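Novice: Heads up, the sequence shown is in my numbering, so the first residue is 1 and it goes up one at a time.
Hints were generated in silico from the structure; no laboratory data involved.
There's no promise every hint is true.
[Stated by the list, open to error] If you anchor each label on the Cβ, the simulated ranges turn out as follows:
(1) Asp28 <-> Ile148: 31 to 39 Å
(2) Lys31 <-> Glu284: 40 to 48 Å
(3) Lys282 <-> Lys29: 42 to 50 Å
(4) Asn280 <-> Lys231: 45 to 53 Å
(5) Ser44 <-> Asp132: 17 to 25 Å
(6) Arg86 <-> Asp208: 23 to 31 Å
(7) Val89 <-> Lys39: 19 to 27 Å
(8) Gly289 <-> Lys29: 46 to 54 Å
(9) Val89 <-> Ser158: 25 to 33 Å
(10) Ile288 <-> Arg373: 31 to 39 Å
(11) Asn50 <-> Arg86: 19 to 27 Å
(12) Asp208 <-> Ser44: 57 to 65 Å
(13) Gly290 <-> Lys231: 56 to 64 Å
(14) Ile129 <-> Lys295: 32 to 40 Å
[Stated by the list, open to error] Straight-line alpha carbon distances no greater than 30 Å define the calculated DSSO-like cross-link-like pairs of lysine-lysine that follow:
(15) Lys67 <-> Lys390
(16) Lys5 <-> Lys125
(17) Lys29 <-> Lys358
(18) Lys3 <-> Lys31
(19) Lys207 <-> Lys391
(20) Lys390 <-> Lys5
(21) Lys282 <-> Lys351
(22) Lys299 <-> Lys259
(23) Lys358 <-> Lys39
(24) Lys207 <-> Lys358
(25) Lys16 <-> Lys299
(26) Lys351 <-> Lys391
(27) Lys207 <-> Lys118
(28) Lys26 <-> Lys391
Bear in mind the structure is a predicted one, so any value in this text is a computation, not a measurement.
Glycine included, every Cβ here is placed at the ideal spot set by N, Cα and C.
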Amino acid sequence: MAKEKIITALDIGTTKICCLISIIDKNDKLKICGIGENKSEGLSQGMIRNIRAASESIDKAIREAEKVSNRDAQNVFVGVAGELIRSFVSHGIANIESKSKYSNEINEYEVTEKEIEKVIEDAIKNRPISGDRRIIHAEPQFFTVDGIPGILDPIGMSGRRFEADVHIVTADINSLSNIYRSIQRIGLNVKDVVLQPIASAMAVLNKDERELGSILLDIGGGTTDISIYYKNSIRFSCVIPFGGENITNDLSIGLRTPKDEAEKIKIEYGYARPEHADENIKIEIPGIGGRSSTKRSQKFLAEIIHPRIQEIANLAYNEISKSRYLDMITAGISISGGTANLRSTNQLFEKVFNLPTKTGYPSFTEIYGDTERLSDPKYATGVGLLYWGKKNFEKNPFNRNSKKSLIERMISRIKNWFASQNFT
Numbered sequence: 001m002a003k004e005k006i007i008t009a010l011d012i013g014t015t016k017i018c019c020l021i022s023i024i025d026k027n028d029k030l031k032i033c034g035i036g037e038n039k040s041e042g043l044s045q046g047m048i049r050n051i052r053a054a055s056e057s058i059d060k061a062i063r064e065a066e067k068v069s070n071r072d073a074q075n076v077f078v079g080v081a082g083e084l085i086r087s088f089v090s091h092g093i094a095n096i097e098s099k100s101k102y103s104n105e106i107n108e109y110e111v112t113e114k115e116i117e118k119v120i121e122d123a124i125k126n127r128p129i130s131g132d133r134r135i136i137h138a139e140p141q142f143f144t145v146d147g148i149p150g151i152l153d154p155i156g157m158s159g160r161r162f163e164a165d166v167h168i169v170t171a172d173i174n175s176l177s178n179i180y181r182s183i184q185r186i187g188l189n190v191k192d193v194v195l196q197p198i199a200s201a202m203a204v205l206n207k208d209e210r211e212l213g214s215i216l217l218d219i220g221g222g223t224t225d226i227s228i229y230y231k232n233s234i235r236f237s238c239v240i241p242f243g244g245e246n247i248t249n250d251l252s253i254g255l256r257t258p259k260d261e262a263e264k265i266k267i268e269y270g271y272a273r274p275e276h277a278d279e280n281i282k283i284e285i286p287g288i289g290g291r292s293s294t295k296r297s298q299k300f301l302a303e304i305i306h307p308r309i310q311e312i313a314n315l316a317y318n319e320i321s322k323s324r325y326l327d328m329i330t331a332g333i334s335i336s337g338g339t340a341n342l343r344s345t346n347q348l349f350e351k352v353f354n355l356p357t358k359t360g361y362p363s364f365t366e367i368y369g370d371t372e373r374l375s376d377p378k379y380a381t382g383v384g385l386l387y388w389g390k391k392n393f394e395k396n397p398f399n400r401n402s403k404k405s406l407i408e409r410m411i412s413r414i415k416n417w418f419a420s421q422n423f424t
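With these hints in hand, go ahead and build the complete structure from the sequences.
Specialist: Below, the structure written as structure tokens:
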């Protein structure tokens, strides 16, 4: 009997840990076998502050998924975000030196994987990375052959000068090591780390959205992760250190109620825009430490929530405006993450950006099993990690224990990425 191909997706968020265990079936589909979820401990704004507490939270989520699936967690793909992330675009140049296979001309050269390796390696070298940071992604945006720009698939093209713009994502090495250690403490190893907005985009954005230009905002508990896709490649990514937990804190203070109660009230009665809330609906607010409860209108709650979600929207708009891609967004905005469930959030962002906005529910085109439970924007990253894991299952894209150099490992990973793309 063939050994099962198990993929474990681990979304380590500020407020929740989500573990999904799936298998790749004989038809090359993903079957979700187990789901585990636990409250996060030891994290703040996407970063681990207490390894022991974080490890215990991760362990509980994984054990729950293992119990449901009756399988051990293997091949762990972890989503990362937060203050540890930095991204930029670097330009690489290389000579095309591979002789053409289709011409007998002496001076006929064509682009092969060798040239792609060289141009991306040059892009990495052109932006030296400090010793306290580590590359986790290096994805080509487009290529240029002999001055002709905007090429998505350059393989086989003739020329002599080859260039590429490469989107490079780095992480603070100590923060990244804390993630590895938290998982290693429970006897597991990380196969790959994936930027959360990249994972979420794989689950939420379809082919047309990636091609025509789309913004994905993943508003989690502690951070808001931003990514922009255009012409089938990621063009921009960044992280804002505010999320749904900030809204909960504002409600807790404004209503004088415990945080757990404020979170429940936010989920059940919250609105992002006060004008959409009902002044006549009164909500009972539990007091702190046995104090008497009070009653507040739904509109009053919205008036506390609105300034923070408006701040997040404005910060996102300012960051995206700097990227030069705002005018290229045709499809619009997708909002995922737990805060996407906050009523009238789409209308607020639509007003700020003047772009059509929708809730980013994960897609299950290649996944079956308990998908009904995962049909929620807060699970976009976890589902996206499954897609990423399936695409990279046979590879070892970023094994930190490998004896290969960093550049060699990155080039191997980039080759895997390029081979898996479906350019149209």
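Novice: For every hint, state whether the structure bears it out.
Specialist: Structure-based check of each hint:
1. Asp28 <-> Ile148: 31 to 39 Å: holds (36 Å)
2. Lys31 <-> Glu284: 40 to 48 Å: holds (43 Å)
3. Lys282 <-> Lys29: 42 to 50 Å: For Lys282 and Lys29 the Cβ distance comes to about 49 Å; the hint holds.
4. Asn280 <-> Lys231: 45 to 53 Å: For Lys231 against Asn280, whose Cβ atoms are near 49 Å apart, the range 45 to 53 Å holds.
5. Ser44 <-> Asp132: 17 to 25 Å: holds (20 Å)
6. Arg86 <-> Asp208: 23 to 31 Å: Roughly 30 Å apart at Cβ, these two residues keep to the hinted range, so it holds.
7. Val89 <-> Lys39: 19 to 27 Å: Check failed, 37 Å falls outside 19 to 27 Å.
8. Gly289 <-> Lys29: 46 to 54 Å: holds (52 Å)
9. Val89 <-> Ser158: 25 to 33 Å: Given a distance of about 26 Å, which is inside 25 to 33 Å, the answer is holds.
10. Ile288 <-> Arg373: 31 to 39 Å: Once the Cβ atoms are compared, 33 Å apart, the range 31 to 39 Å for Arg373 and Ile288 holds.
11. Asn50 <-> Arg86: 19 to 27 Å: holds (24 Å)
12. Asp208 <-> Ser44: 57 to 65 Å: Violated - the Cβ-Cβ distance for Asp208 and Ser44, about 37 Å, lies outside 57 to 65 Å.
13. Gly290 <-> Lys231: 56 to 64 Å: Cβ of Gly290 to Cβ of Lys231: about 59 Å, so the range 56 to 64 Å holds.
14. Ile129 <-> Lys295: 32 to 40 Å: violated (55 Å)
15. Lys67 <-> Lys390: holds (22 Å)
16. Lys5 <-> Lys125: violated (36 Å)
17. Lys29 <-> Lys358: holds (27 Å)
18. Lys3 <-> Lys31: Holds, because 15 Å separates the two Cα atoms, which is no more than 30 Å.
19. Lys207 <-> Lys391: holds (16 Å)
20. Lys390 <-> Lys5: Distance of about 9 Å is within 30 Å: holds.
21. Lys282 <-> Lys351: holds (28 Å)
22. Lys299 <-> Lys259: Distance of about 19 Å is within 30 Å: holds.
23. Lys358 <-> Lys39: Cα-Cα ~27 Å, so holds.
24. Lys207 <-> Lys358: Within the cut-off at roughly 16 Å; holds.
25. Lys16 <-> Lys299: holds (28 Å)
26. Lys351 <-> Lys391: The given pair, whose Cα atoms are some 37 Å apart, is violated under the 30 Å limit.
27. Lys207 <-> Lys118: holds (28 Å)
28. Lys26 <-> Lys391: With a Cα-Cα distance of about 15 Å, the restraint between Lys26 and Lys391 holds, given a limit of 30 Å.
Violated hints, listed in ascending order, are 7, 12, 14, 16, 26; each of the other numbered hints is respected by the structure.
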